[in-house]
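Peer 1: Protein sequence lines, in the order shown, are assigned to chains R and D. Residue 1 is where the first sequence starts when you use the numbering used here, and the numbers rise one by one after that. Residue 1 is where the second sequence starts when you use the numbering used here, and the numbers rise one by one after that.
It should be emphasised that the hints constitute simulated quantities derived from the structure, not laboratory data. Keep in mind that a hint or two might mislead.
[Claimed, not checked] Below, simulated SDA-like cross-link-like pairs (lysine to any residue); rule was C-alpha separation at most 25 Å, straight line:
| no. | chain 1 | residue 1 | chain 2 | residue 2 |
| --- | --- | --- | --- | --- |
| 1 | D | Lys151 | D | Thr56 |
| 2 | D | Lys131 | D | Thr56 |
| 3 | D | Lys131 | R | Ala72 |
| 4 | D | Lys147 | D | Leu167 |
| 5 | D | Lys147 | R | Ala72 |
| 6 | D | Lys28 | R | Leu52 |
All values reported here derive from a predicted model rather than from experimental measurement.
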Amino acid sequence: MQQHAWLTRQQLLDAIAIGQFTPGPVLSTATFIGYLLGGVPGAAVATVGIFLPSFFYVALLAPVLFRLRRSAWIEAFLDSVNVCALALMTGVTIRLATDALRGWPSSVIAAVALVATALESEFCLDRAGRRNHGSSVLRHALRC
Amino acid sequence: MTDLRNATELPRTSVRARLIELASLFLKLGAISFGGPAAHIAMIESEIVVKRQWVTRQQFLDMLGAANLIPGPSSTEMAINTGFVRAGWAGLCVAGASFIFPAAVITGVFAWAYVRFGSLPQTASVLAGIKPAVIALIAIAIWRLGKTALKGVDLVVVGMAALAAFLLGINPILILFGAGLVGMAGRQLARANATLSIPGMSSGRSISRLQLLPAAIFTTGVVAVRPSLARIGLFFLKVGAVL
Chain R
1 MQQHAWLTRQ
11 QLLDAIAIGQ
21 FTPGPVLSTA
31 TFIGYLLGGV
41 PGAAVATVGI
51 FLPSFFYVAL
61 LAPVLFRLRR
71 SAWIEAFLDS
81 VNVCALALMT
91 GVTIRLATDA
101 LRGWPSSVIA
111 AVALVATALE
121 SEFCLDRAGR
131 RNHGSSVLRH
141 ALRC
Chain D
1 MTDLRNATEL
11 PRTSVRARLI
21 ELASLFLKLG
31 AISFGGPAAH
41 IAMIESEIVV
51 KRQWVTRQQF
61 LDMLGAANLI
71 PGPSSTEMAI
81 NTGFVRAGWA
91 GLCVAGASFI
101 FPAAVITGVF
111 AWAYVRFGSL
121 PQTASVLAGI
131 KPAVIALIAI
141 AIWRLGKTAL
151 KGVDLVVVGM
161 AALAAFLLGI
171 NPILILFGAG
181 LVGMAGRQLA
191 RANATLSIPG
201 MSSGRSISRL
211 QLLPAAIFTT
221 GVVAVRPSLA
231 RIGLFFLKVG
241 AVL
């Protein structure tokens, strides 16, 4: 961006901020910048451009992904990578928590959300191969 | 339960039904998933592993690892991958496009407003309330996935090392590949040890792995609580390794 001097610094900062608090992939910033530079066609082209490689990468990998497990080497590699991916997710969440959980209102929200989500997860949702344990009273209370 | 028949084997009506299913799911997810990629992944997991059981948790983990390894936005790639698993190449395109579309449109609207009015709306405080709930959501998803992913003590150690490395600011790609290589090396060592095992000594390796665990916990704790301290440690570690 700095190379091409298409935007002012402020515009770039605003674009990134927009990407943060809109839903969906953060790279929708590209749509914002594309619009600034070239109106609706610019937005469309920017969006397609920034996301298209992802489609190709997945198209290459997805057909063989589940079969990769057959090799013991790759299985070890994948297991580590998966654990790592979770560790990265955890790290991001820790950073988010230290940033967002300041003062009791946000901590209370987090705690309540945690309990609610955990209850829903354990008693209502997880039918994936597990018996749905837990008291029916609780499930009725949660209405699921 | 999990219908992983090749999409070409399904009758046409069934494929079309699946595509519509994919589109509606990912349009919805694309529109409501605030909170960054980790939140998206948590929500996708809740939908496709728990509620709809389109893939097993292990398969989801493999998809997640792959999405992290390849360049590009991981959450979108998870959507694209799900589309492929569910409905082949058509599904791949439909799911990805559906996930991106709402965000693109909303951002486009903001862009229009920005150009028209010259500044951003003050929505920051609204989002501040969502963040704590998002943190809870992600934490639960990590908990669920962790139960499947952490298959043994060595993987727990790898995970903690990865977390510490990330919090120290090491490049995530390096961490991912490094962990993968360590995993492969560890597996090779274990097999070599197995063939060389002496009766009575066979538990030796597992003991040493368990001994690693407190060290890993300690290190991760230090890094999480006092990163500056850990950076000092890392610096001297590097010096010690090179001198």
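Peer 1: Please go over all the hints and tell whether each is borne out by the structure.
Peer 2: Now for the hints, and whether the structure bears them out:
1. D:Lys151 / D:Thr56: holds, 15 Å
2. D:Lys131 / D:Thr56: Roughly 28 Å separates the two Cα atoms, so the pair is violated.
3. D:Lys131 / R:Ala72: It is violated: about 40 Å lies between the C-alpha atoms, which goes past 25 Å.
4. D:Lys147 / D:Leu167: Holds, at about 22 Å.
5. D:Lys147 / R:Ala72: Holds, at about 21 Å.
6. D:Lys28 / R:Leu52: holds, 21 Å
Hints 2 and 3, counting from the list given before, are not met by this structure.
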